[in-house]
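With my numbering applied, the sequence shown covers 2 to 276.
Take these hints with a grain of salt, some might be off.
[Said to hold, decoys possible] Here are the in silico distance ranges between beta carbons for each label pair:
no., residue 1, residue 2, range
1, G142, G236, 47 to 55 Å
2, T247, K194, 38 to 46 Å
3, R39, G244, 13 to 21 Å
4, G140, N166, 24 to 32 Å
By construction, these hints were calculated from the structure, which means they are not laboratory data.
Note that the structure is predicted; figures quoted are calculated from it, not measured.
Idealized CB from N, CA, C, for every residue including glycine.
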Amino acid sequence: MTSERHYEYELGHSERELRRLARQAALVDPMTRDYLRRAGLRAGMHVLDVGSGAGDVAFLAADIVGPSGLVIGSDRSAVALEAARARAAQRGLENVIFHQCDPATFAFDVSFDAIVGRYVLMFSPDPVEMLRGVARHLGPGGVIVFHEVDWTGAASFPSVPTYDNCFRCIAETFRRVGTNPNMGLQLHSTFVKAGLPAPSMAVSALAGGGSDSLSGIDLISDLAATMAPVMEQMGVIATSELGPETLQDRIRAEASANASVVVGRYEVGAWSRRI
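Let the hints inform the model, and build the full structure from the sequences given.
Given below as structure tokens:
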């Protein structure tokens, strides 16, 4: 983390974190793709991806807009964009380019048909101002769509104590470092305050039992392991108490023993069209 956070991605961009992001993308990409399509992304569009990280959302958008379209990915992290460019080259993508910049203040020489972002506004100290800043790049009739999380939805039935404690620790750590764990359900007000039309919205969530490999257990245990040092630093929970090395196995064992269903955080999409 840095003292000047702006919307710097506080989980870092280590190789371990980039691997976690890749696993996360495998789980949530179908939701993001659905939100992008429902927002109106289509072939031939020029798209700005805000906070590209390792490029997952940019690649989704590139697949939708096709070879006649263009996606410009933006991020403040040189390390993340290096990974994104390498992945784009491996995929042979010629309709995606990446710029290291702050897209809220950068002066692009083109306007865009669509602006997209995933898990970006939650890290901004002023999401309204950030959204207002990136919306400047949207052409008339263009669409803007963001996918953010909201930890309100995380739960287990019957209760899986280790899982329940894990998501509470993640949400509390986010709050203490200035990240908004409930950005998803605040997207409506954020769009309106930024001067955009009230958005259409949708909510999805991962759900499954202890033996389900596509449940929220994988996602939440990976995230908790990454955040463990920050959790301890912020006084939320000691790393030894969290036990990140065995966390996933313990959650799975408890869920299986109780025949529980584990529900992940809300995955919220919001989109509107500039008039």
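Right, here's what the structure says about each hint:
Under the hint 47 to 55 Å, the C-beta atoms of G142 and G236, about 49 Å apart, fit the expected range. A C-beta distance of roughly 43 Å is found between T247 and K194, which places it inside the suggested range of 38 to 46 Å. Checked against the hint of 13 to 21 Å, the C-beta distance between R39 and G244 comes to roughly 40 Å, which is inconsistent with it. Under the hint 24 to 32 Å, the C-beta atoms of G140 and N166, about 47 Å apart, miss the expected range.
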